[in-house]
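Engineer: If you want the building blocks of each chain, they are given just below.
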Amino acid sequence: MAPIDTTTRRGDREPSDSVAGSVSVVPKPAAEPLGSRARREPLVRAQNVHRILGAGEMATHILKGVSLSIEAREYVSIVGASGSGKSTLLYLLGGLDRPTHQDEEGTRFDPASRVFIDGEDTTGLSDGQLAYLRNEKVGFVFQFHYLLKEFTAQENVALPMLKLGKIGHDEAMDRAAELLKSLGLGDKIRRRANRLSGGEQQRVAVARALANKPAVLLADEPTGNLDKRNAEVVAEIFNNLASQGQALVMVTHDQALAARARRIIQMEDGNIVSDTTQA
Amino acid sequence: MRWFISIRYLLAHMRQSLVCVAGVTISVMMFIVMDAMMQGFTDKFIIETVESSGHITVHDEPRETRTRILEQAYRDPNAVLVVEGVKPRDQVKKIKNPTGLVATIRRMPGIAAAAPQVTGDAIATYGTKTINLSMYGVDPDQITAVTTIGDQMISGDFKRLKTAADGVILGRGVSDVLGAHLGDNITLASSTGGRAVCKVVGIFQTGVTPVDYSRGYMLLQNAQTLLDKKNIVNEIVIRTDDYTKARDLAGQIESICGYKTESWQEANENFLKIFRIQTIITYFITGALLVVAAFGVLNILIMAVLERVNDIAILKSFGFSRNDITQIYVLQGLVIGLIGSAIGLGIGKLAVEGLRRLPIQMEGLVKVEGLLMSEHASQYIQAFIGAMLVTLLASVYPARRAAKYDPVEVIRGAH
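From first to last, the protein sequence lines are chains D and G.
Residue numbers 1 to 279, in this note's numbering, belong to the letters of the first sequence in order.
Residue numbers 1001 to 1415, in this note's numbering, belong to the letters of the second sequence in order.
Keep in mind that the hints were calculated from the coordinates and are not lab data.
Heads up, a few of these hints could be off.
With a straight-line Cα cutoff of 35 Å, these simulated DSBU-like cross-link-like pairs (lysine-lysine) come out [said to hold, decoys possible]:
#: 1; chain 1: D; residue 1: 64; chain 2: G; residue 2: 1404
#: 2; chain 1: G; residue 1: 1129; chain 2: D; residue 2: 149
#: 3; chain 1: D; residue 1: 166; chain 2: G; residue 2: 1199
#: 4; chain 1: D; residue 1: 228; chain 2: D; residue 2: 181
#: 5; chain 1: G; residue 1: 1245; chain 2: G; residue 2: 1044
Restraint-style ranges between C-beta atoms, simulated for each label pair [said to hold, decoys possible]:
#: 6; chain 1: D; residue 1: 229; chain 2: G; residue 2: 1396; range: 40 to 50 Å
#: 7; chain 1: G; residue 1: 1288; chain 2: D; residue 2: 229; range: 39 to 49 Å
#: 8; chain 1: G; residue 1: 1288; chain 2: D; residue 2: 149; range: 31 to 41 Å
#: 9; chain 1: D; residue 1: 253; chain 2: G; residue 2: 1288; range: 52 to 62 Å
Glycine included, each C-beta is placed from N, C-alpha and C at the ideal position.
For reference, chain D alone in the conformation it holds in the complex:
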């Protein structure tokens, strides 16, 4: 499998400000000066994040004040039982959902329930601004691939780039083709999404998530819907991405997959109960 270009774009920063390394497709950016990361905000930061679903008697307190930071180049697994709030946390970290700001009685959480993506507080962002932030800085991979079946694999991957609008159609299609080739789908570029196997579709979904060189890749049970062989392929892709410096947060039930990450966060009943970094 060819190396993947995951050179992270962080807004309009100078190339030296890039947070992730790159591989052969795009020249690797200059090495980050020692200590520069310490002066910057974490890539993603959750501050006393609460999430309450429903209202009144039906209200369910899913997340109960979770705080964590994800730094650049980190490979993080979030594990826990079903209903522990892993996926909810992941969606909040990626700006797909918004945290709840007050409890069932209407009292505001202190400190405020907030998520910062690349240093930007998502609380006050409009729907359009948050969507732009997701487009530019976050890549999502879900348990099910959710490809647009009327589009080819290449078009599916190009869509986020076309949406961002920083590159033209042809360039976006070229980059989509490169990404697909790097994930071993060079011969399936123009195939309609619904003509691909499950494993192939999930790889296209990974390529799509990487399309805009996101600051962070968020994966929710990325192998949950795959057979063992395809799960291993996707796990290997994630390993490669992590080794190339792509920040990656993955929610999984698969202990073996989780163990590949350097940092493992254990959740239980809406709280982080352990946060360990392996040597």
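Add chain G to chain D, keeping to what the hints say.
Structural biologist: Just chain G, lined up with the frame of chain D:
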């Protein structure tokens, strides 16, 4: 980008999309055809009526300008004033100094021509056949300058009224009822006892049935004798430079001459009301068709939204906002509307041209040899704007519904 997705989604459901497009096409086409037909009929009636009867008519009814003597004495507007045993004065109705008035009217701006005439009822008899007639006593030279009656002769010549003693020109309907043809002598009798045997010197056909079946023309002096209206002119017919301005000019003329002055719009108010109702019915029917088409668009877009909940979620996950999703679905409505309208306009135009060539003879309020189709750019513009508006409106609800989907709920499987 949004266009790209919208078009692809529409193409994915080609059959349903085509049905929606067909709905819009049929509505637009029907509107154009029906409106052209109705407008053609209205235009024919108006033009023929206006051209054959003049744009404005001054009648011999003086406008009441003086306050009655009783009302002068009792000024209370709520008072009921009753005078018993009043014997009406025997008053001859006529326009005073018609020659001077005609000259004055001709000098007014916007007036093309004016002609005096005398009118009255008569009974025409030919053999055993009789028919009630409205007799018009005219000066052929003047009346042909005011109306197009001279051009509407199907046999004979209007100017022959001048040369033939006791000549009469009949409408085609009158001649058909009587069975009288060119050169035949018919007997005319008025309610005042006047009687004349006249030779048919011409037959006209305006195409307006009420005119063709009730009108006859004589020389002014002959008509005055027949109707017992010696030296009397009871109408002045006027032609304006622009018949649409007849109402305003009629008001001006009435204020100058003091006689009741009627524009063609007032004279044909009842018919014009019918035409207005007809137009409303046309709009109603085609509007109903458009609404049906709009429901088709609404239906297919709702189905498209329901089928693509996952797509909506994933589009949102990689950067599409609610506004973007709304636009994707509104654009689909827009595309259906655009294609449907464009085809509808084209087919509508072809249908109008085709129907115009159909040789269908009809005789109702107007007599025609084929379907009367009247086209205006405004019909096409109205049809286009209407179709676009309705399809856009139909796409708003599904689009907003699509935009409201919470991607998290969708991904969790709540939808």
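Engineer: Hints broken by the structure, by number, lowest first?
Structural biologist: Hints 2, 3, 7 contradicted; others consistent.
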